[in-house]
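Protein sequence lines, in the order shown, are assigned to chains A and B. Using my numbering, read the first sequence as starting at 1 and increasing by one per residue. Using my numbering, read the second sequence as starting at 1001 and increasing by one per residue.
Derived from the structure by calculation, the hints contain no laboratory data. Take these hints with a grain of salt, some might be off.
[Claimed, not checked] DSBU-like cross-link-like pairs, simulated, lysine-lysine; straight-line CA separation at most 35 Å: (1) Lys18(A) - Lys486(A); (2) Lys184(A) - Lys24(A); (3) Lys499(A) - Lys1084(B); (4) Lys1017(B) - Lys502(A); (5) Lys1252(B) - Lys513(A); (6) Lys1053(B) - Lys486(A); (7) Lys1053(B) - Lys544(A); (8) Lys391(A) - Lys1084(B); (9) Lys1176(B) - Lys1053(B); (10) Lys1053(B) - Lys184(A); (11) Lys299(A) - Lys1004(B); (12) Lys544(A) - Lys1017(B); (13) Lys1004(B) - Lys513(A); (14) Lys502(A) - Lys1053(B); (15) Lys486(A) - Lys1017(B); (16) Lys1004(B) - Lys391(A); (17) Lys1053(B) - Lys533(A); (18) Lys620(A) - Lys606(A); (19) Lys1252(B) - Lys502(A); (20) Lys1004(B) - Lys302(A); (21) Lys513(A) - Lys1010(B); (22) Lys184(A) - Lys1004(B); (23) Lys1176(B) - Lys499(A); (24) Lys1153(B) - Lys391(A); (25) Lys184(A) - Lys1252(B); (26) Lys513(A) - Lys1084(B).
On a predicted model such as this, the values are computed, not experimentally measured, just so you know.
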Amino acid sequence: MNLDSKIPSGPIEQKWSKHKFEMKLVNPANRRHYRVIVVGSGLAGASAAATLGEQGYNVDCFCFQDSPRRAHSIAAQGGINAAKNYQNDGDSVYRLFYDTVKGGDFRAREANVHRLAEVSVNIIDQCVAQGVPFAREYGGTLANRSFGGAQVSRTFYARGQTGQQLLLGAYSALERQVGLGTVKMHTRHEMMELVVVDGRARGIVTRNMVTGAVEAWAADAVVLATGGYGNVFYLSTNAMGCNVTATYRAYKKGAGFANPCYTQIHPTCIPVTGDHQSKLTLMSESLRNDGRVWVPKQKGDKRPPDQIPEADRDYYLERKYPSFGNLSPRDIASRAAKQVCDEGRGVGDTGLGVYLDFADAIRRMGEQTVRERYGNLFQMYEQITGENPYKVPMRIFPAVHYTMGGLWVDYNLQSTIPGLHVIGEANFSDHGANRLGASALMQGLADGYFILPYTLGNYFGSQMPVTEVKKNPITTARPEFAEAVKSVNDRVSRLLSIKGTKSPTSFHRDLGKIMWDKCGMGRTREGLTQALKEIPELRERFWKEVNVLGDGNAVNQSLELAGRVADFLEFAEMMVRDALEREESCGGHFREEYQDDGEALRDDDKFCHVAVWEYQGEGKKPMRHTEPLTFENVKLATRSYK
Amino acid sequence: MSTKQTLNLKLHVWRQKNASTEGAFAHYDAPGISPDMSFLEMMDVLNERLIEKGEEPVAFDHDCREGICGMCSMVINGEPHGPKRGVTTCQLHMRSFSDGDEIWIEPFRAGPFPLLKDLAVNRSALDRVVAAGGFISVRTGGTPDGNAIPINKAEADLSMDAAACIGCGACVAACKNGSAMLFLGAQVSKYLHLPQGQTERAARVANMINKADEEGFGACSNYTECEAVCPKEIPVRVIAETYREYVRSAVKGKAQGEVAGKDDGA
C-alpha cells in the first residue's frame, strides 16, 4: 500500500500557497465534461458539492435523509474556530495550528493542520457573506467564546445552533446550484458499494430507500463525505442513521483505513436513563465556560447537591488542571470523570454522572445573562431529564461523540484509491488522536469549500485529460458496475431470507456493549483480546438469527438498519485490532497499561505514526501499514494542561 | 427509571403500505412504557415487539433525536409533534402522558407531502422552494472580511429567530390550506434582517412564493395554527414580513436580478 502523503516541500507557512500554485487546473470551459459524485450532504459534502457545481463540474450529490439539510452536522452546538484574532488576545494562524497539533496529542500531520488553520479565516468570511447569523456584539462586530484546549477566544457561534446555521449556509449554496442545474440531488439514496474500474474510483451503487431500486452511477471522481462511525458503540451522540457503510465499503475495495481506534468520548452528555435509550444527547462544551464540574469528596455521599457544602465538594478539573480548569480538552475531562466515578464518587441513581453546576455563574452574572448564553441548551436539558438546571446542577457523563479515525488521505485528500477523495469526519487527517472543540465544523467546511475544489481539479488536470474524458466517457455499461449491483442485490436478498428471531437493533445493542466495555474510555490488552473473540461470534449469530421483515422493493427501515449493523459488525473488529496493536495511550485512545498516574503515556519511539489498515479478503486479518509522522515545527512533548 | 411508575397505553397508529394503497389505523397495546422514554423510543419499543411477533414494524422518519434535524414528524392526537409546545416529536417525552391514555398517531397530511409508508411522507417540495430563492447568491471565495459588515445585534437576533426553522413541515401539516408560509417566511425573514440579504430581496420573495404555489402549497388565511405547532416557535411576524416584501417586490418589479444567480456556473 502506497502511503505517500504528498506533503509539499518548503516552510510550513508556505506549503499550501506553493501547492496551490503548482497544482494543475481545469479550464472553466472544460469542467462541464467531468462528472463528480459527492456522497453525503453535511458541512463537508454540501460545501464541496455547491462549490464544485459553481465551478462548472457536473455534480451528483447523494444523501440517505429526506433532505440534504438533515445531515448530522446540523446538531453541532457550540461553535467554529477561526484564527481571526478579533479579540486581540494573542491568537494567530500559528497558534491555532499549534493548539490543534497539541490537542491531537501529536498524532496529526503538521502540514494538514497548518493548512486548516490558514483557511479557517476564509470560512468565517464565506459564512458571513452567505448570511449565517453569527452572534454579534452591540457594536455590530462578530462575537467569540472560549472552547476547550485553548487559552484564547476564537470560537464563533450562532446561539447553541452553530452547526445548524453553518449547514443551512452550505445547504442554501447547494440548493442554489440544484436550482441552476449544476448539481443533481438524490435524497433517500444510500450508498451500498464503491465501483473501481482500472484501479480508479469510477462510481457507486445506491439503494433507493423509497422504491428499493439498486442503481449504478458512473463518474470521473467520487467524493465521500459520509461522516464518522461513532454508532459502532450503539449509543452515541450521532444521529440514528449515521453509519460506517460507505467508508467501510470503500475500505473493502482497497482504500486504507487509518487509526480506527481514535474515537472521541465527549465529557458533557446527558447520562443514560435505561435500556430503552436509543441515543445520547450532548450538552455543548461551551457550557464549561461558565459551569463548574464537581463531585462529592466522599464516596457514596447521597445528599442532594444543594446540601453538600463547599468544603465537601471536589472541583476536580480545577484542582488537577489549574491553568485550563473546566476548559480542559475533551479526552482529559472525560477520563477525569470516569476516574471519579470509578472511585465511587459519581452522582445520580446510577453513580455514572458528575455535576455541571451553574450556581456560581448565576450569582455572578444573573440568571438573565445565563439564559441568553445557554437558554436553548438549558431548555433541552430540562426537556429530556425533567430537571430545571437553573435550580439544580446538571448531571453529565461522557459519551461517544466523534471519530478522529477514517479513511486515509494524502495532502490532496485523496485516498489510496486514485479518484476517491474523502472529506470531513470521514477522513482521518487533521485531529490526530483527539479533536478540540469547535474544530469539526472548521474542518468540514475547510475541506469542502477551500481544499477539495483545488485538489480535485489537480487530479483531473494531471491524471484525467479532458480529451480522454470526452473520447471515452465512463458509463455504467462497464462490467464492474453490473458486478457491484449484483453483489448489493445478493446481500439484500440474503438479509431478507434469514428470517431468524432477533431484530437488527438487538444485535446493534449487543455490539455496542462489547465496544463500550472493551474498546471505550479505558482499554486493556485483556479486554481487547476478549472483544476480538466476541465480535466474530456475534457476527456469526447475526447472519443466522437476524429477522428482517418486509420487502426489498419498498420502504424498509429494518433492512436499512440490518445492512448498517452488518458492516459495523465487521468494522468493529478492525477497530479493536487497531486499539490492541497501538501499545501506548494518546488522546482519546487510553490503554490502561500505558499511563502516568491517570494521564496518557505516549510512546513516540514506537508509535509516532499513522496506522493504516489494508483489506486482505473475507475472513483474513487485515494488514497494518504505517505512515511515519514527523514534527518539524511543534516540538513533541508531553501534553500538559496543568 | 425502574423505580418510577410505568405507563400502559393504547396506540392507534396509521398504517399504509404506500401511496397507492389505502391506509387505516391499527390498534396496539403498549404496556410498561417508561416515562423517561422519548416518544420515538416508545415507538422503538413498539417496533421491537412487532418484530418479535413477526409483524412488520411501523415506518417513521427520524434521525438526530435531539430536536434539530427536522426529520421526525407525526401528528399525535391531532397535533403535529404532539401536545407539548416548542418541541419536536423526538423531544416529547412519555412523562407528558398518563397511564391508560389512548394516543392517535398519524403522518403529516398535506397535498404537497405525498405519503411514502405508514408515518413517513415526502417533504422534498420544501427543498424545491428553497432552491427557487432561499439563498444569497455568493460564490465560494473572494468574500470580504467578516467584520467588514457590522450588523446591529437586534437585527442579527431577529434574523437568527427566523433562521432557527428546522424545515420539518409541521406548519404545513397544521394548516387547513396546507400553506407553507411560516416555513417560507422564515427563509425570507432571516435574510431580510441582514445587509447581505438586501440585493436580492425582491427576486427572492417572488421566486419562492411562485414556487410554493406551483408545488401546491396554499396561501395564508391568518389562522396562525402554524405558530402554535412550530417546534422552534417561529413567530408569525415572518409571514407578515414576507407578504409585505411580496407587495414591495410587485411594486418595484424584480428589477434587481430577475432570476437570482442565472449567470453562474459554466
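Checklist entry - Given the hinted pair lysine 544(A) and lysine 1017(B), is their alpha-carbon gap at most 35 Å? => result Judged against 35 Å, a Cα distance of about 28 Å means the pair holds.
Checklist entry - Hey, lysine 513(A) versus lysine 1084(B), does the alpha-carbon distance stay inside 35 Å? => result Roughly 33 Å separates the two Cα atoms, so the pair holds.
Next on the checklist: Against the 35 Å threshold, does the CA-CA distance of lysine 1176(B) and lysine 499(A) hold or violate the hint?
Outcome noted: violated, 44 Å
Next on the checklist: Between the alpha carbons of lysine 184(A) and lysine 1252(B), is the straight-line distance 35 Å or under?
Outcome noted: holds, 33 Å
Checklist entry - lysine 499(A) and lysine 1084(B): Cα distance at most 35 Å? => result This hinted pair is violated, its Cα atoms lying about 39 Å apart.
Item to check | Satisfaction of hint between lysine 1053(B) and lysine 1176(B), Cα-Cα up to 35 Å | outcome: violated, 38 Å
Next on the checklist: Checking one constraint from the list: CA of lysine 1053(B) to CA of lysine 533(A), max 35 Å. Satisfied?
Outcome noted: holds, 31 Å
Checklist entry - Given the hint that lysine 184(A) pairs with lysine 1004(B), does the C-alpha gap stay at or below 35 Å? => result violated, 51 Å
Checklist entry - Between lysine 1053(B) and lysine 544(A), is the straight-line Cα distance small enough, at 35 Å or below? => result holds, 18 Å
Checklist entry - Straight-line Cα separation of lysine 1004(B) and lysine 302(A) no greater than 35 Å? => result Holds. Lysine 1004(B) to lysine 302(A) sits at ~19 Å (cutoff 35 Å).
Item to check | Given pair status - lysine 502(A), lysine 1252(B), alpha carbons within 35 Å | outcome: violated, 64 Å
Next on the checklist: What's the verdict on lysine 1053(B) and lysine 486(A), does the C-alpha distance respect the 35 Å limit or exceed it?
Outcome noted: Given that 35 Å is the threshold and the Cα spacing comes to 32 Å, the pair holds.
In this structure, the hints that do not hold are numbers 1, 3, 5, 9, 10, 19, 22, 23, in rising order.
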